[in-house]
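Engineer: If you want the building blocks of each chain, they are given just below.
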Amino acid sequence: MRKQVVSILLALALCLSLVSVPALAEEPDHIVVTFLTLGATPPDLVKVQDKVNEKTIPQINVEVEFKAVSAYDAFALFPTWVSTGGERIDLMLPLLQDIRSYVDQQLLLPLDDLIAENAPHLTALMEEGQPIVSNSIFDGEVYAVTTVPNMYGQGGGFVVGEKYIEETGFDYDPSRVYTLDDLTGLFAAIKEKHPEMYPCGVVTTGKTNSEFAYASDAIDSLGGAPTYTGVLMGADSTTIVDMYESEEYQNYLRHLREWNLAGYIHPDAATMEGSVDSLKAAGVTAGYFMVSAPVQRKEGDVIIRLSEPYQCSAGAGGWVIPFRAVEPAAAMRFLDLVWSDSDLANLIQWGIEGEHYVMLDKDTGYIGFPEGVTATNSGYYITLGVWGDTRKIYSFSASNNQAENDAYTEEASKRQTQGIGISFNMENVTNEVAALSAVVAQYVPTLESGSVDLEMYYPQFIQALKAAGIDTVLAEKQAQFNEQYQK
Amino acid sequence: MQSVTQKKIVRANRFRKYGPYYLMMLPGLLYFLINNYLPMPGIILAFKKVNWRLGIFGSKWNGLKNFTFLLSSGQLATIVRNTVLYNLAFIVIGTVLAIAVAILLNEVRSKAANRIFQTLILLPYLMSMVVVSYLAYAFLSVETGYVNNAILPALGMEPIRFYQEPGYWPFILILINTWKGIGFTSVVYLAAVVGISEDLFEAARVDGASKFQQIFKITLPCLKPTIITMFILSISKIFFSDFGLFYQVPKNSGILYPVTQTIDTYVYNALMNQNNPGMSAAAGLFQSVVGCVLVVLSNALIRKVSREDALF
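Listed in order, the protein sequences are those of chains A and B.
Taken in order, the first sequence gives residues 1 to 487; the numbers are from our numbering.
Taken in order, the second sequence gives residues 1001 to 1312; the numbers are from our numbering.
Next up, chain A with everything else stripped away, as it sits in the complex (with noise of 0.2 Å):
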């Protein structure tokens, strides 16, 4: 009896076996690769997984395997990760850390090669002349490839909820350039109406750089060098300065200190907890400083405009293939596979059809969420848009579309710096470059909270400045911007 039931069980395996041969050979090449949270994991993240590879087996034979990570926790845990091996990552994205260092330790594979062998459509793509690897070009090599923007510009605006308006009658129109002085009228009003508001949401705690560029007109600080390296100000200028020294900035921290003085700024804005979003949303702030672009606004807000739309150099930055990467090629399939199908990069981005999102309106690409889930019980809702072709990405507001998105490139693009395609390489200045950013970390949160007398600080900040070496890296600067300029 035994030896039936054996006999027939060694008879099974060897048809399964013969079944499962060609499959063998054609095993599925595994990748894996990070995916970025907010803090936490999504639960539905192995679901929506398993989808994935329902798509990727068969179309390009890639198993992908998403490791969760924090983004925050990111900064400190990818240059280990790559560094010393620990972990076995195929494909990652550093998001807002600074490649160059990467790629100065050599932590990172150049991916032009790999690109033309596996992914025709990044190709096409980068013919049509979207800049999804023009910006991380190191030593002519390309290192990163960024999503498809479905947005090119920039330029100074301060968010506000539009009952504010209505209620002051303050004169609004969108396209209008407003002054800081045009602020303090409507301050003046919010808090007329409402005296226990705090209107100009300022959050400066552990800010370790300037947000003066939401507030004034087009700065370039090339190729998303830090701003205290020096900056040309204005869409004509071909002078790297000191933005720290302008009249201009001066003027904005007279009337950050102004406000604060007078109470539109919440006391505790230098130390306190919190995003200028969260208390905007909590009612204790009415609006905040930010980039003018159409998606920065919520439902129910509208744009103050502090300058005319731009277009500058932009960061290096997007996902790179390290090092120590197992399948590099199969890795640049996968990228290449979301980068061209729409669908595929929707499903990483909001989860499945039906269970995580229901289409609201298919032509503008409108998504809500199902029946009784929220953002918050919903198993899979991750707001980082990180993958693919992003004009394609469907939206959760009504009020963003893709028309609107096209409309401020084409006005933006009528205003370029003279800083674009240029970057800077802060090698020879390291030293100089870490004890500015010091000096900025220092000064800069509690001057733009206006929580203190500019005629004491303000010549201390400016002389620690110069201390520290700004003058040599401006000319660094200046020396680079004039090489590549001039090509």
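Possibly wrong hints are sitting among the right ones.
[As the list claims (entries may be wrong)] Pairs of lysine-lysine, DSS-like flavour, derived with a Cα cap of 30 Å:
(1) A:207 / B:1065
(2) A:392 / A:47
(3) B:1065 / A:466
[Unchecked claim] Pair ranges (Cβ atoms, derived):
(4) A:96 / B:1306: 29 to 37 Å
(5) B:1244 / A:117: 28 to 36 Å
(6) A:54 / B:1149: 54 to 62 Å
In case anyone wonders, no lab produced these hints; they're calculated from the structure.
Given the structure is predicted, the values throughout are model-derived calculations rather than measurements.
Glycine included, each C-beta is placed from N, C-alpha and C at the ideal position.
Put chain B on the given structure of chain A with help from the hints.
Structural biologist: This is chain B only, laid out in the frame that chain A set:
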């Protein structure tokens, strides 16, 4: 012949006697070996321009370039002064108060009360500095802080923007550090105080010594070795600072840097966005070397003053 067997017996006896102690030492020794000695070759990073494809040892040498950023900031004097002066203040104030508390605790006769006091004093030591920073914020913030909303108005005073006023912070930081650390150090001293033979006190009482005389003539001299050991241990850390205390508690408020910035927070602020292992290793090595030199120097000084109390 006989002496050899005798030696063997002595050795076996010694092992029987001290074996368990060696065994007890083993986990600690292993910890130091793995955690502190194994990574030592990594200090080579401080002299390298790191290239991970070549590995740490294969990377190019970078001379002393990684060290120059500490000097080029122009802030070295301030941050070194803050680090050293705060640590000195912590050592002096912490020691004096911890001994006082230990002696007082020793005088509490009720066992239950003694336990309760010890626990209450030790509690802050077990708290994370992040939690402490929020406790401090609950006291000091302008909009909701207890000091600004309850205490100062009651005294008829204007609110104070603590996080923008450098003048208050040396006191606040010393207060917080002492409050947080005193529980632990006083327990260490309490153990020493309890260990002092009761005979000495009895004899003193018979001779009519007052309580203060007993403290100054018996307790303190008996505590001297413990005080010196604790002192040398603290000196070795004089170039290091409690990152949480100097970064979290003042909420990293820049205007306070002249009185709150220490070597650790400066290095963090300057290198956080740089992803430069070479420079970070250089800063760490600098702190360790200075700490090591200070330990040797302070031990030499103690050897001069009172030979039998020196550590080595």
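Engineer: Evaluate each hint against the coordinates.
Structural biologist: Do the hints match the structure? See the list:
1. For the proposed pair residue 207 (chain A) and residue 1065 (chain B), the alpha carbon gap of about 28 Å is at most 30 Å, so the pair holds.
2. Among the hinted pairs, residue 392 (chain A) with residue 47 (chain A) is consistent with the structure: their alpha-carbon atoms are about 23 Å apart, no more than 30 Å.
3. In summary, the hint linking residue 1065 (chain B) to residue 466 (chain A) is supported, as the alpha carbons are separated by about 21 Å, within the 30 Å threshold.
4. The hinted range of 29 to 37 Å is not satisfied by residue 96 (chain A) and residue 1306 (chain B), whose Cβ atoms lie roughly 57 Å apart.
5. Separated by about 50 Å at the C-beta atoms, residue 1244 (chain B) and residue 117 (chain A) break the suggested range of 28 to 36 Å.
6. At roughly 59 Å, the beta carbons of residue 54 (chain A) and residue 1149 (chain B) sit within the given window of 54 to 62 Å.
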